[in-house]
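> So the protein lines, in turn, are chains W and S.
The opening residue of the first sequence carries number 7 in the numbering used here; numbering runs sequentially from there.
The opening residue of the second sequence carries number 7 in the numbering used here; numbering runs sequentially from there.
Treat the hints as calculated values from the structure; they're not laboratory data.
Honestly, I wouldn't trust all of these hints.
Rough simulated footprint, nothing fancy, chain W against chain S, three-plus residues with beta-carbon under 8 angstroms [what the hints assert, rightly or not]: (1) 34 to 45; (2) 80 to 92; (3) 143 to 156; (4) 216 to 227; (5) 271 to 277; (6) 292 to 299.
Here are the simulated SDA-like pairs of lysine to any residue, each with C-alpha atoms no more than 25 angstroms apart in a straight line [what the hints assert, rightly or not]: (7) W/LYS325 to W/ALA156; (8) S/LYS267 to W/LYS116; (9) S/LYS44 to S/GLU149; (10) S/LYS267 to W/ALA306; (11) W/LYS267 to S/ASP324; (12) S/LYS44 to S/GLU82; (13) S/LYS281 to S/LYS265; (14) W/LYS281 to S/GLN193; (15) S/LYS44 to W/ASP317; (16) W/LYS325 to S/ASP277; (17) W/LYS199 to S/GLU195; (18) S/LYS316 to W/LYS325; (19) W/LYS316 to S/ASP277; (20) W/LYS21 to S/LYS281; (21) W/LYS10 to S/ALA163; (22) S/LYS325 to W/ASP52; (23) S/LYS281 to S/ALA309; (24) S/LYS200 to W/ALA11; (25) W/LYS141 to W/GLU81; (26) W/LYS106 to W/ARG86; (27) W/LYS316 to S/ARG283; (28) W/LYS116 to W/ARG87; (29) W/LYS281 to S/GLU284; (30) W/LYS146 to W/GLN161; (31) W/LYS325 to S/GLN167; (32) S/LYS325 to W/LEU261.
Keep in mind the model is a prediction, meaning the values are calculated, not measured.
Note that beta-carbon positions come from the ideal geometry of N, C-alpha and C, so glycine has one too.
Number of protein chains: 2
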Amino acid sequence: MNAKAPWITYRPELKVLDCTIRDGGLINEHMFEDKLVKAVFQTCVDAGVDYMELGYKSSKRLFAKDKFGAWKFCEEDDVRRIVGDGKGNLKLAAMADAGKCDYKTDITTKDKSVFDVIRVACYVHQIPDAVDMIKDAFDKGYEVTCNLMAVSTIQEAELDQALEVVAGTPATTVIVVDSNGSLYSEQVERLVKKYHAAVAPSGKEVGIHAHNNLQLAFANTIEAIIHGANRVDATMAGLGRGAGNCPMELLLGFLRNPKFKQRPVLQLLQDHFLKLRETVEWGPLVPYNISGQLNQHPRAAMACRAGAAKDNYVEFYDKCVADV
Amino acid sequence: MNAKAPWITYRPELKVLDCTIRDGGLINEHMFEDKLVKAVFQTCVDAGVDYMELGYKSSKRLFAKDKFGAWKFCEEDDVRRIVGDGKGNLKLAAMADAGKCDYKTDITTKDKSVFDVIRVACYVHQIPDAVDMIKDAFDKGYEVTCNLMAVSTIQEAELDQALEVVAGTPATTVIVVDSNGSLYSEQVERLVKKYHAAVAPSGKEVGIHAHNNLQLAFANTIEAIIHGANRVDATMAGLGRGAGNCPMELLLGFLRNPKFKQRPVLQLLQDHFLKLRETVEWGPLVPYNISGQLNQHPRAAMACRAGAAKDNYVEFYDKCVADV
Chain W
7 MNAKAPWITY RPELKVLDCT IRDGGLINEH MFEDKLVKAV FQTCVDAGVD
57 YMELGYKSSK RLFAKDKFGA WKFCEEDDVR RIVGDGKGNL KLAAMADAGK
107 CDYKTDITTK DKSVFDVIRV ACYVHQIPDA VDMIKDAFDK GYEVTCNLMA
157 VSTIQEAELD QALEVVAGTP ATTVIVVDSN GSLYSEQVER LVKKYHAAVA
207 PSGKEVGIHA HNNLQLAFAN TIEAIIHGAN RVDATMAGLG RGAGNCPMEL
257 LLGFLRNPKF KQRPVLQLLQ DHFLKLRETV EWGPLVPYNI SGQLNQHPRA
307 AMACRAGAAK DNYVEFYDKC VADV
Chain S
7 MNAKAPWITY RPELKVLDCT IRDGGLINEH MFEDKLVKAV FQTCVDAGVD
57 YMELGYKSSK RLFAKDKFGA WKFCEEDDVR RIVGDGKGNL KLAAMADAGK
107 CDYKTDITTK DKSVFDVIRV ACYVHQIPDA VDMIKDAFDK GYEVTCNLMA
157 VSTIQEAELD QALEVVAGTP ATTVIVVDSN GSLYSEQVER LVKKYHAAVA
207 PSGKEVGIHA HNNLQLAFAN TIEAIIHGAN RVDATMAGLG RGAGNCPMEL
257 LLGFLRNPKF KQRPVLQLLQ DHFLKLRETV EWGPLVPYNI SGQLNQHPRA
307 AMACRAGAAK DNYVEFYDKC VADV
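I would like the entire structure built from these sequences, with the hints used as guidance.
Right under this line is the structure:
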């Protein structure tokens, strides 16, 4: 038991990444209006957020440009149209998915780019590809992270091996990614400590990317922070695929570093996100509770919510339990 | 770090209390239709829930019977109309609020009552009254708990004193009650350990009653369980005043004791709670986020949500910050 109250202090080295437009884009094929993207960008600047992730650097061979919004590809011109010259201290990030990104040609050198960070996302079987991508982005001048997805489905021996490999790359950060939204606090503690032990000796930070299937995204983010994660992801109003993410408005209220401001986020929510809720659904609805607790990918729950039986929880539960 | 995975095991002694109708009644002056109360009751029986709390034993001198629903008073006849003779292993509870209950006359002896448990709720300044109430209910044959409210506002020395006093009563359980919904996990850990140290030597259990202002009700309930709480409160769909409570559907999915069944709860939600949401509002909305993080009573947030400016988060935030 802590004799004092560490929760009223802060760690200056803790940095927040906003991935509202990137993760939220998974709901609507990345088709956000410029007005919203600009508002989120300005809010990040005003709120003291450290990084903003706009979307993916997806292969134009694999994905047709006319079927997705701009944030599926994150072309330099599209980003500059949003940010102008005024990004202040905010660093911009794009995600590069292993197997879905022509990174050699589509990611330019940093000196020609508006981006500061490339976040390389991969499943555990894609680690060799991810290692090449991390090296490529690092050599081009970017800060690089490794987002090892779906950690709740990885065997312990494979995870240990993957962390050892990533520790040898020039990535600055390795992120615990709870893709299924299934982790409980004790699991988060265990993973963050494991990641930390594996990568801290090579000077890397541990991050957390939580999903809200079990109403635990904020709680698990706090848990990760307590156990040493210094890079944390959040989204405005918790926007994100399925159950959504750790809500920025809660996270900034928790963090005690005076540089973070909650008020601009509240302004954004009332000006833009109430309206967004009229056309886009996200949040810890019952089907996401169920898939999260069964450690299943949220795709079945998303399909349920898109269908006529969206509120037939028992039917969905019976199907999921049969699938286990 | 745990080398193993305690989260897949369970403690047989952990008991769940449903307070859907009691806490939910604070939203609508306890005016639930019998149909809903019966459905919640039957769900508790089918789901293996240990206790169900129906409402308050409120003074009829202080509260006019025609201004409130039956569950403000929990008369024996009203309860029997709901439960009939079929309560199985489910124990029934009523809450008795210090200062608002004519307990000497309005609580009959256990042999004449359908209730099994009296939960005595008090603020720290009401401890002497609560002690008398606990003794009265115990002498009448009931299991008795002490729900010490608004713990986040109590000075440490007063809390220590209160726990020492309650330890000397015949209450079986002392409950950590986060009335403002403001506690973070480290605070829950600290309180549960403190309560445990104070009351376990006299054979009492520690309980947790969380509110969901910060989307932490479920997380804080898990945190309390990890640190030894064996009595946990939850409500169907998280129904409860303001931000609501720990959702039963999530809690039962987390607990691994095979006696608990999640499926009847899902059935209840789809049959009754979707409809209830059309007329009653609860959940971790932004004004509750704000009041929770500022450790303020939710009444201002409730007033905000009841008014024309219910979505003016910035105005509400500015008012709350000015009030701190």
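> All the hints need checking, so say for each whether the structure fits it.
Hints and how they fare:
Requiring three or more residues with a Cβ within less than 8 angstroms of a Cβ of chain W, the coverage given for the stretch 34 to 45 of chain S is violated, as only 0 such residues are present. A count of 0 residues in the stretch 80 to 92 of chain S with a Cβ less than 8 angstroms from any Cβ of chain W is obtained; the coverage claim is therefore unmet, three being the minimum. Coverage of a stretch by a chain is defined here by at least three residues with a beta carbon nearer than 8 angstroms to that chain's beta carbons; for the stretch 143 to 156 of chain S and chain W the count is 0, and the condition is violated. Counting residues of the stretch 216 to 227 of chain S whose CB lies closer than 8 angstroms to any CB of chain W gives 8, so the stated coverage by that chain holds, three being the minimum.
Coverage of the stretch 271 to 277 of chain S by chain W holds in this model, with 4 residues showing a Cβ closer than 8 angstroms to a Cβ of that chain against a need of three. Here the stretch 292 to 299 of chain S counts 4 residues with a CB under 8 angstroms from a CB of chain W, which clears the bar of 3, and the coverage holds. For the hint linking W/LYS325 to W/ALA156, the alpha-carbon distance of about 22 angstroms falls within 25 angstroms, and the restraint holds. Note on S/LYS267 and W/LYS116: the hinted pairing is violated, with a Cα-Cα distance of about 55 angstroms set against a maximum of 25 angstroms.
At roughly 23 angstroms between alpha-carbon atoms, S/LYS44 and S/GLU149 fall within 25 angstroms of each other, so this suggested pair holds. Proposed proximity of S/LYS267 and W/ALA306 is supported: the alpha carbons are some 22 angstroms apart, at most 25 angstroms. Taken as a hint, the W/LYS267 and S/ASP324 pair is honoured in the structure, with Cα atoms around 13 angstroms apart against an allowance of 25 angstroms. Restraint check for S/LYS44 and S/GLU82: satisfied, since their Cα atoms lie roughly 15 angstroms apart, inside the 25 angstroms limit.
Under the criterion of a C-alpha separation no larger than 25 angstroms, the hint pairing S/LYS281 with S/LYS265 is inconsistent with the structure, at around 29 angstroms. Under the criterion of a C-alpha separation no larger than 25 angstroms, the hint pairing W/LYS281 with S/GLN193 is inconsistent with the structure, at around 36 angstroms. Note on S/LYS44 and W/ASP317: the hinted pairing holds, with a Cα-Cα distance of about 22 angstroms set against a maximum of 25 angstroms. With a C-alpha separation of about 19 angstroms, the suggested pairing of W/LYS325 with S/ASP277 holds against the 25 angstroms cut-off.
For the hint pairing W/LYS199 with S/GLU195, the CA-to-CA distance comes to about 19 angstroms; that is within 25 angstroms, so the pair holds. Between the alpha carbons of S/LYS316 and W/LYS325 the distance comes to roughly 39 angstroms, so the proposed pair goes past 25 angstroms and is violated. Note on W/LYS316 and S/ASP277: the hinted pairing holds, with a Cα-Cα distance of about 13 angstroms set against a maximum of 25 angstroms. Using a Cα cut-off of 25 angstroms, the hinted pair W/LYS21 and S/LYS281 is violated, with the two alpha carbons roughly 42 angstroms apart.
About 15 angstroms separates the Cα atoms of W/LYS10 and S/ALA163, which keeps this hinted pair within 25 angstroms; it holds. As the CA atoms of S/LYS325 and W/ASP52 are separated by approximately 21 angstroms, the hinted pair is consistent with the 25 angstroms bound. Proposed proximity of S/LYS281 and S/ALA309 is supported: the alpha carbons are some 23 angstroms apart, at most 25 angstroms. For the hint pairing S/LYS200 with W/ALA11, the CA-to-CA distance comes to about 14 angstroms; that is within 25 angstroms, so the pair holds.
For the proposed pair W/LYS141 and W/GLU81, the alpha carbon gap of about 21 angstroms is at most 25 angstroms, so the pair holds. For the suggested pair W/LYS106 and W/ARG86, the alpha carbons sit about 23 angstroms apart, so the restraint of at most 25 angstroms is met. For the given pair, W/LYS316 sits about 16 angstroms from S/ARG283 by alpha-carbon distance, which is consistent with the 25 angstroms threshold. A hinted pair counts as satisfied when its Cα atoms are at most 25 angstroms apart, and W/LYS116 with W/ARG87 qualifies at roughly 18 angstroms.
For the proposed pair W/LYS281 and S/GLU284, the alpha carbon gap of about 19 angstroms is at most 25 angstroms, so the pair holds. A C-alpha spacing of about 33 angstroms is found between W/LYS146 and W/GLN161, which places the hinted pair above 25 angstroms, so the restraint is violated. A threshold of 25 angstroms between alpha carbons decides the hint, and for W/LYS325 with S/GLN167 the separation of about 52 angstroms lies outside it, so the pair is violated. Of the supplied pair hints, the one linking S/LYS325 and W/LEU261 holds, its CA atoms being roughly 21 angstroms apart against a limit of 25 angstroms.
The structure shown violates the earlier hints numbered 1, 2, 3, 8, 13, 14, 18, 20, 30 and 31.
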